[in-house]
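As given, the protein sequences belong to chains A and B, one line each in that order. According to this note's numbering, the stretch in the first sequence is residues 1 to 331, in order. According to this note's numbering, the stretch in the second sequence is residues 1 to 181, in order.
Keep in mind the hints are simulated off the structure, nothing from the lab.
To spell it out: a stretch of chain A is covered by chain B in this simulated footprint if at least three of its residues, at any positions, have a beta carbon under 8 Å from a beta carbon of chain B; those stretches are:
no., region
1, 14–24
2, 275–287
Anything over 10 Å on all C-beta distances counts as not near chain A; from chain B, calculated:
no., residue
3, Ser82
4, Leu101
5, Asp157
Positions of the beta carbon are idealized from the N, C-alpha and C atoms, including for glycine.
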Amino acid sequence: MKARMELVCPAGTPATLRAAVQAGADAVYCGFRDETNARNFPGLNFSPNELAEGVRFAHDHGSKVLVAINTFARVDDVDIWKKAADAAVKSGADAIIAADFAVLDHVARNHKQIRLHLSVQAAAATPEAIGFYAAHFGIRRVVLPRILSLQEIAALNRAIGVETEAFVFGGLCVMIEGRCYLSSYATGKSPNLNGVCSPPEMVSYDEEPSGTTARLSGFTIDRYARGQPVGYPTLCKGKFKAGGKTSHLFEDPVSLNAGGMIAGLKAAGVTALKIEGRQRGKGYVSEVVRAFRKAVDAVEQGGDAVDIDRLLAGQSEGARQTAGAYEKKWR
Amino acid sequence: MTQHNAGPILPRFVRRLFPTVAGLPLGPLLTLSLRSLARRRPGLFERLGESRSACFGIDPVDLAFAFCVVPDGQRSSVRVVSKDEAARSDVQIKGPLLTLLGLLDGTLDGDAMFFSRVISISGRTEAVLALRNTIEDAELRPADLLGLHGTLARCVDKGVLGALGVARRLAHNSPSEAQQA
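Bound conformation, chain A alone:
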């Protein structure tokens, strides 16, 4: 019999970590309050002390804590990333999620007691790439990039010797997992180096005669009529004029929901299911985790699938959902 799938849930603050654990997370992932993780927003994330307390709370309730140190280290500042890894180990966390060779190498050489998970930021999607990371750094799990179909994941799992973790809910990145040159061009900051693709200090909402204009670094990303719901301006989900038409050029505001594919992911050999959203609040995390807990338990017990699409319809960006690449219908 295959092992029970692990539900891996996001936490941007200690309060959200506790909420995720209490809602039924098997593991919670989080990061430090600096550029070493890919959700480096103001007021978000953990100090080393908060992480240690969070780990104690999670372990007391039977959950694990995975620490994301998953941005790419700068040539002249690798120590920041090494110290973050050391602090994660000291906190008693269960695993470090990393993508950069320097970070992976540091952990593999100096902290053999902690599990290493390969971050989605590494975008490793072939047996050869994953085998390289396993052979050189001893990674135990790979977080799969959101470009693979169920059939491809099943084939990959047959060819590799480490666990796989697949995203099932939350935001999608149309670039190669955060390698967004468009964002770097517009803001001068890189999602993979600075940990945020639309830095809030460069975001503005300007009231104009025709309505509200959301801008990033002075570039107009979207316009909203008076009273129309607004969104956070990210370049890939903005409306642009091209070929005489105004439309969402790169991607519609839509969220991944693979809740209906849990059984398929289990059959494909996936070990863990990941919910995106460390920047989201306690209410959101609690609701999404509770719904997925119910759905995963139903699949594990061989019961009927839970109507998770209906349960979570209001939680998706733009109130629209997609099964992403799992079904290969996504453009």
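Guided by the hints, dock chain B onto chain A, whose structure is given.
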């Protein structure tokens, strides 16, 4: 600045009480309360980072006045100011009083209130985000702001949150008053 949609506007009889309340030394009382909170929970203010020295203009649309809040730990200050002065702050947060209080005690989700335009923000977005994340983690109860503990704290929390709940229901049931506000 984003234009806001209708939220739960205070019932008229409550709004009539506010000129009296405005005569009280609200600013100094709230300043003491915030500094007392900073003594008890210094970590809460660290989460604000550089934004702790920003001036947050909080403008309850159903009151005749606004607040200017600098959440700088034990150097925090709250001033009752005119709406014009609040509009010149580093950050402006505008919405119905009951909604703003709901954000503070965690009853309401800040993202949802902003994206649906029940509240509006303008100014330094990074400071707003830092404040939102700080409040999200703080899990503040009314008794925390009053520095109360034990049974008294539980009674005050129950009383205040209950009263706010009733006020929200009254506000939702009084659309005509909301439109007059």
